[in-house]
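J.: Just so you know, the protein sequences line up as chains G and V, in that order. For the record, in the first sequence the residue sitting at position 163 is 184 according to the numbering used here, with numbers rising by one throughout. For the record, in the second sequence the residue sitting at position 115 is 156 according to the numbering used here, with numbers rising by one throughout.
Please note that a few of the clues may not be correct.
[Unchecked claim] Chain V residues, not near chain G, derived (Cβ > 10 Å throughout):
no.	residue
1	Pro-66
2	Gly-94
3	Asp-111
4	Leu-126
5	Gly-141
6	Ser-169
7	Leu-180
8	Lys-205
9	Arg-255
10	Glu-259
11	Met-331
12	Met-339
13	Thr-349
14	Lys-363
15	Pro-364
[To be verified] Taking CB as the label site, the calculated pair distances span:
no.	chain 1	residue 1	chain 2	residue 2	range
16	G	Val-188	V	Arg-125	12 to 22 Å
17	G	Thr-172	V	Asp-150	25 to 35 Å
18	G	Ser-79	V	Met-42	47 to 57 Å
19	V	Glu-78	G	Asn-52	52 to 62 Å
20	V	Gly-53	G	Thr-269	51 to 61 Å
21	G	Asp-173	V	Glu-78	55 to 65 Å
22	V	Met-42	G	Thr-172	34 to 44 Å
23	G	Ser-336	V	Asp-150	45 to 55 Å
24	G	Arg-190	V	Glu-56	34 to 44 Å
Think of the hints as simulated: they come from the structure by calculation, not from any bench. Keep in mind it's a predicted model, so treat the numbers as computed, not measured. For glycine and all other residues, C-beta sits at the position ideal for the given N, C-alpha and C.
For reference, the chains in residue letters:
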Amino acid sequence: MIRELRVSGFRILKDFVWEPKEGLNILVGANSAGKSTVLDAIELVTRGSIRGQGARRSLSPDWFNKDIVDAFFQELGGPLEGMNVPEIKIVAVFSEDWRLARITGANDPDKKFKDAPGIYITYSVSPNLLPQFLEECRSIEEAGGPFVLPTDYYDCSWHIFQGDPIVRRPNGVSCTRIDTMPEPRSRAVDAYTKSYVGEELDDDKKFEVASRFRQVYAQVDRDILAGITVNCSGRGDLGLQIDRSPRTDWTNSIVLHRDGLPLYALGSAEQTLTKCAVSLENADSESILLLEEPECHLSYSWLNDLVGVIADAASEDRQIFVTTHSPFVLNRLGLDSLSVMAEGNSPRRISDLSDDTVRYFKRLSGYDTLRIALADRAVLVEGPTDELVFDWAFRKARGKLPHEKGIDVIECGTSHKRLLELAAALEKSGIAALRDNDGDDPDYWAGLAESHLSKDRAFFCGTPEEGKTIEPQMVEANRDKLKTLASIVRKRGNSTDKLEEFMTNNKTEWALRLLEADMSESEVLDIPSYILNAINFIDPAPESAENE
Amino acid sequence: MNDAVVAVAGWGKTEELANAVAREPNPERVLVLTYTETNQREDTLRIFQKTAGTKRHASVMGWKAFQLRDIVRPYLPLLYPGIRLRGLSNRDVDLDQRPGGAARYLTRDGDAYPSLLGKLTLDAIDSSKGAAIRRLERLYDSIYIDEAQDLRGNDLCVLERLLKSSIDVHIFLDPRQSTLSTAEKDRKYKKNYPNAEVIKLYREWEGKGLLDIRYENETHRSIAPIAALSDIIVGDELGFGPTVSIVEPRGRHDGIYIIAKSDLNRYVNEYGATLLALQKSEKYGISDSMNFRKSKGMTRDDVVIVTTGPIEKFLTTGAALKPVSVCSFYVAVTRARYSVALAVENPERVFRSIADTSSIWGNLSIQLLY
Numbered sequence: 022m023i024r025e026l027r028v029s030g031f032r033i034l035k036d037f038v039w040e041p042k043e044g045l046n047i048l049v050g051a052n053s054a055g056k057s058t059v060l061d062a063i064e065l066v067t068r069g070s071i072r073g074q075g076a077r078r079s080l081s082p083d084w085f086n087k088d089i090v091d092a093f094f095q096e097l098g099g100p101l102e103g104m105n106v107p108e109i110k111i112v113a114v115f116s117e118d119w120r121l122a123r124i125t126g127a128n129d130p131d132k133k134f135k136d137a138p139g140i141y142i143t144y145s146v147s148p149n150l151l152p153q154f155l156e157e158c159r160s161i162e163e164a165g166g167p168f169v170l171p172t173d174y175y176d177c178s179w180h181i182f183q184g185d186p187i188v189r190r191p192n193g194v195s196c197t198r199i200d201t202m203p204e205p206r207s208r209a210v211d212a213y214t215k216s217y218v219g220e221e222l223d224d225d226k227k228f229e230v231a232s233r234f235r236q237v238y239a240q241v242d243r244d245i246l247a248g249i250t251v252n253c254s255g256r257g258d259l260g261l262q263i264d265r266s267p268r269t270d271w272t273n274s275i276v277l278h279r280d281g282l283p284l285y286a287l288g289s290a291e292q293t294l295t296k297c298a299v300s301l302e303n304a305d306s307e308s309i310l311l312l313e314e315p316e317c318h319l320s321y322s323w324l325n326d327l328v329g330v331i332a333d334a335a336s337e338d339r340q341i342f343v344t345t346h347s348p349f350v351l352n353r354l355g356l357d358s359l360s361v362m363a364e365g366n367s368p369r370r371i372s373d374l375s376d377d378t379v380r381y382f383k384r385l386s387g388y389d390t391l392r393i394a395l396a397d398r399a400v401l402v403e404g405p406t407d408e409l410v411f412d413w414a415f416r417k418a419r420g421k422l423p424h425e426k427g428i429d430v431i432e433c434g435t436s437h438k439r440l441l442e443l444a445a446a447l448e449k450s451g452i453a454a455l456r457d458n459d460g461d462d463p464d465y466w467a468g469l470a471e472s473h474l475s476k477d478r479a480f481f482c483g484t485p486e487e488g489k490t491i492e493p494q495m496v497e498a499n500r501d502k503l504k505t506l507a508s509i510v511r512k513r514g515n516s517t518d519k520l521e522e523f524m525t526n527n528k529t530e531w532a533l534r535l536l537e538a539d540m541s542e543s544e545v546l547d548i549p550s551y552i553l554n555a556i557n558f559i560d561p562a563p564e565s566a567e568n569e
Numbered sequence: 042m043n044d045a046v047v048a049v050a051g052w053g054k055t056e057e058l059a060n061a062v063a064r065e066p067n068p069e070r071v072l073v074l075t076y077t078e079t080n081q082r083e084d085t086l087r088i089f090q091k092t093a094g095t096k097r098h099a100s101v102m103g104w105k106a107f108q109l110r111d112i113v114r115p116y117l118p119l120l121y122p123g124i125r126l127r128g129l130s131n132r133d134v135d136l137d138q139r140p141g142g143a144a145r146y147l148t149r150d151g152d153a154y155p156s157l158l159g160k161l162t163l164d165a166i167d168s169s170k171g172a173a174i175r176r177l178e179r180l181y182d183s184i185y186i187d188e189a190q191d192l193r194g195n196d197l198c199v200l201e202r203l204l205k206s207s208i209d210v211h212i213f214l215d216p217r218q219s220t221l222s223t224a225e226k227d228r229k230y231k232k233n234y235p236n237a238e239v240i241k242l243y244r245e246w247e248g249k250g251l252l253d254i255r256y257e258n259e260t261h262r263s264i265a266p267i268a269a270l271s272d273i274i275v276g277d278e279l280g281f282g283p284t285v286s287i288v289e290p291r292g293r294h295d296g297i298y299i300i301a302k303s304d305l306n307r308y309v310n311e312y313g314a315t316l317l318a319l320q321k322s323e324k325y326g327i328s329d330s331m332n333f334r335k336s337k338g339m340t341r342d343d344v345v346i347v348t349t350g351p352i353e354k355f356l357t358t359g360a361a362l363k364p365v366s367v368c369s370f371y372v373a374v375t376r377a378r379y380s381v382a383l384a385v386e387n388p389e390r391v392f393r394s395i396a397d398t399s400s401i402w403g404n405l406s407i408q409l410l411y
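This is chain G alone, in the form it adopts within the complex (with noise of 0.2 Å):
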């Protein structure tokens, strides 16, 4: 299994460095956050091909990092030493395996491993093009651009720690490629499709299929290309054949089919469910399996089949990478196997989640606990009205939504210490946790989410003395100006009488008529204090505008 990966250069894969545990690794982030250029990279490494492409013929200058590139394009005026000529360097370090001896050794290029199993590919201008290579550069940079890297003078070489360089990938390591993509033909499907009908038939019936096939070419051949002549304009004419060259060998022309349709013309879902299961029927055991978006092009239940058949398949030896945007298939695979990234930093794995929180979120894969680990910074409340009401407040507070702050505010139930925990165990600053009381004091509810809070972790909770839950609070902070209350809350009228049974037995609606209600009525109320304190602790208002 890959003990370390290394990607320098790559997109935006500026200096990457990432330790994937054994079995399952999830891979979340925002868009273009650099989940597939990792996937990208463990391919390239380890099979020196890329989506079925060898590796040389594959480089196109995008690959290289754009701030390197331009970097060096904006250098080129300067002096020759010390120019930073962009590459790309790929390393993927194994844990110690003694199938892997032939490629173990101390030629880790960053000097890092002293005895290891690994692989690394790079991208490099070879020494004897590089006055050349900076010609043509400059000439790039004097054209005013755009600044594209000539990559026709870079070389690819592909090493294994041994010392060696290889051409092909080496014995013990082995990946596999799963697209969810749709696509006409699949080539591990091809393979397999191929080996197994080499299997199926003795040699006596290869034999006779080959002849049939040969007697209908022959039978075509002569019944009916052989009346058709192509005019050739003066060189003589030619006549039209079957070809028979490999390329039209008839084990190519044998394809998986289900009741007479053939596998590339089946839904999306049934032809990825199909790919996943022949590339983990065909993979070694110890092999390197990627998985891109499982979710996309596929419908809840599909999707279900699929996490159990990838769930099953992690082991020890066999090592899974799935990048997904998908709460569920984040929940159902195990929050234990998460590691989150962001624009092309190193990600962060998950340490020390509860066996017990890994086991509830798989159970209840509703959870949005995505939302909690790609947050910069996360507000939690029970449900809507708390959400409303807490978007109000910010509003009241800061001027602006949020969101627009980048806070999200994630409803979680009463699920506060495992979201907490999660959001420890990711360890994210800038969680607030709000909740009502339900009678307790405050410190008891922080006393049970307490192992999981910080500085940078809070639990805010209103006194009893001002109410069980949000009604009962909101009325208090607002003693004095209760009409006005009422005339926002109520849809008629602005009777404060029983004003706070009428709010909790109409819980979003008022929650939603005061976020709705014009701003120069509703900001005359005041908030709760828990939920200002709460305000400004996630978003601590500068100073100007505390003074005021």
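The hints should help you fit chain V onto chain G, whose structure is shown.
T.: Leaving out everything else, chain V in the frame of chain G:
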């Protein structure tokens, strides 16, 4: 368990090695090492004959390629960081220049000097703090070494490290045939264990419990008189014991002959013998001769040896040959199945000396031709 088979020429080392390799349960975890390319080819073919049809094969490699690929290359960064190893240099180190550091072992282009590769390998093992040996242990269950008498200098220290590893090392050697050296310019062990005396080092290892030595003195190639001649050439100071021939004479032109160098051409034509010489054959008017040392490993019915001055002196007076000449002469003589002719300047004198039963030649029967 490690062992060394010390076998006379003609015992069938290659055959025995091929049989042993073919019996290995996990051939892909077996490595066969030998110094010369000729032997690598021979071993590969012989093993392939025994294992034809199987999918998994042992790998046969040159001793130096093994050192480069499996020890030096993987761990050189720990010894000489930043130096890129390319391959093996065709020219050897010039020790008169007193090169130091990496320059002692590697050319400027990163090619290793052949003579000091053993020392470089040993240094790489040491700087890896055992990792290099651990890596080998993971790769191989057994390592076979053919013609191990060629291993010299620090290559013997590398061999000792292998003996101390958990890998089973099986060594085949004939110290009497010590005509080549993997480490020409390496002074290690040169004085104490020259040529055939390398057996003393193996015996020390046996004393330390590093290996068991087995002596195989039966020749399947040469008839008794030839075996007897070869024993006299080697002498018995090193205690190899007498060679036993199990080959029946063919009944015509068997045994040992003395001829004049001037009769070489006539003899070769008459008996179809293969000419073995130290000098170029044109000198004797024969187009096809072979160097003594290069003849190692081959078999011929009839052989004619053009003796050198020191050899003729040895034949006439019993004056000791240089250790290296002993080995070359031994190799040349033991190529023959049925007849060995010694071409000398003064046939009568040589004949008289050997016929004298009180000399070192004992009852060796020889004939003077022409």
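J.: Against this structure, judge whether each hint is valid.
T.: Here is how each hint holds up against the structure:
Distance check for V/Pro-66 against chain G: the nearest CB is about 17 Å away, which clears 10 Å, and the non-interface claim stands. Chain G leaves V/Gly-94 outside its interface by the beta-carbon criterion, the shortest separation being 18 Å against a cut-off of 10 Å. Look at V/Asp-111: its CB is around 8 Å from the nearest CB on chain G, not clear of 10 Å, so calling it non-interface is violated. Non-interface status of V/Leu-126 relative to chain G is broken: a Cβ of that chain comes within 10 Å, the nearest being about 7 Å off.
No beta-carbon of chain G comes within 10 Å of the beta-carbon of V/Gly-141; the shortest separation is about 22 Å. The Cβ of V/Ser-169 sits about 7 Å from the closest Cβ of chain G, inside the 10 Å cut-off, so the non-interface label is violated. Interface exclusion of V/Leu-180 from chain G breaks down, the closest Cβ pair being 5 Å apart, not more than 10 Å. The beta carbon of V/Lys-205 is kept farther than 10 Å from every beta carbon of chain G, the shortest such distance being approximately 18 Å.
No beta-carbon of chain G is positioned within 10 Å of the beta-carbon of V/Arg-255; the least distance is around 31 Å. Against chain G, the non-interface label of V/Glu-259 holds: every CB pair exceeds 10 Å, the least being about 39 Å. For V/Met-331, the shortest C-beta to C-beta distance to chain G comes to about 37 Å, beyond the 10 Å cut-off, and the non-interface label holds. The beta carbon of V/Met-339 sits about 34 Å from the closest Cβ of chain G, which is more than 10 Å, so the claim that it is off the interface holds.
Chain G leaves V/Thr-349 outside its interface by the beta-carbon criterion, the shortest separation being 45 Å against a cut-off of 10 Å. The beta carbon of V/Lys-363 sits about 41 Å from the closest Cβ of chain G, which is more than 10 Å, so the claim that it is off the interface holds. V/Pro-364, annotated as away from the interface, keeps every beta carbon of chain G farther than 10 Å; the closest lies near 38 Å. At about 19 Å, the CB distance of G/Val-188 to V/Arg-125 agrees with the hint of 12 to 22 Å.
For G/Thr-172 paired with V/Asp-150, a C-beta distance near 28 Å keeps the hint of 25 to 35 Å intact. About 51 Å separates the C-beta atoms of G/Ser-79 and V/Met-42, a value consistent with the hinted range of 47 to 57 Å. Between V/Glu-78 and G/Asn-52 the C-beta distance comes to about 59 Å, which sits within the given range of 52 to 62 Å. Against the hinted window of 51 to 61 Å, the Cβ-Cβ separation of V/Gly-53 and G/Thr-269 comes to about 54 Å, which satisfies the hint.
One distance hint, 55 to 65 Å for the beta-carbon pair G/Asp-173 and V/Glu-78, is violated here, with the actual separation near 40 Å. Taken as a hint, the range 34 to 44 Å is violated for the pair V/Met-42 and G/Thr-172, whose Cβ atoms sit roughly 56 Å apart. One distance hint, 45 to 55 Å for the beta-carbon pair G/Ser-336 and V/Asp-150, holds here, with the actual separation near 46 Å. Checked against the given bound of 34 to 44 Å, the beta carbons of G/Arg-190 and V/Glu-56, roughly 38 Å apart, stay inside it.
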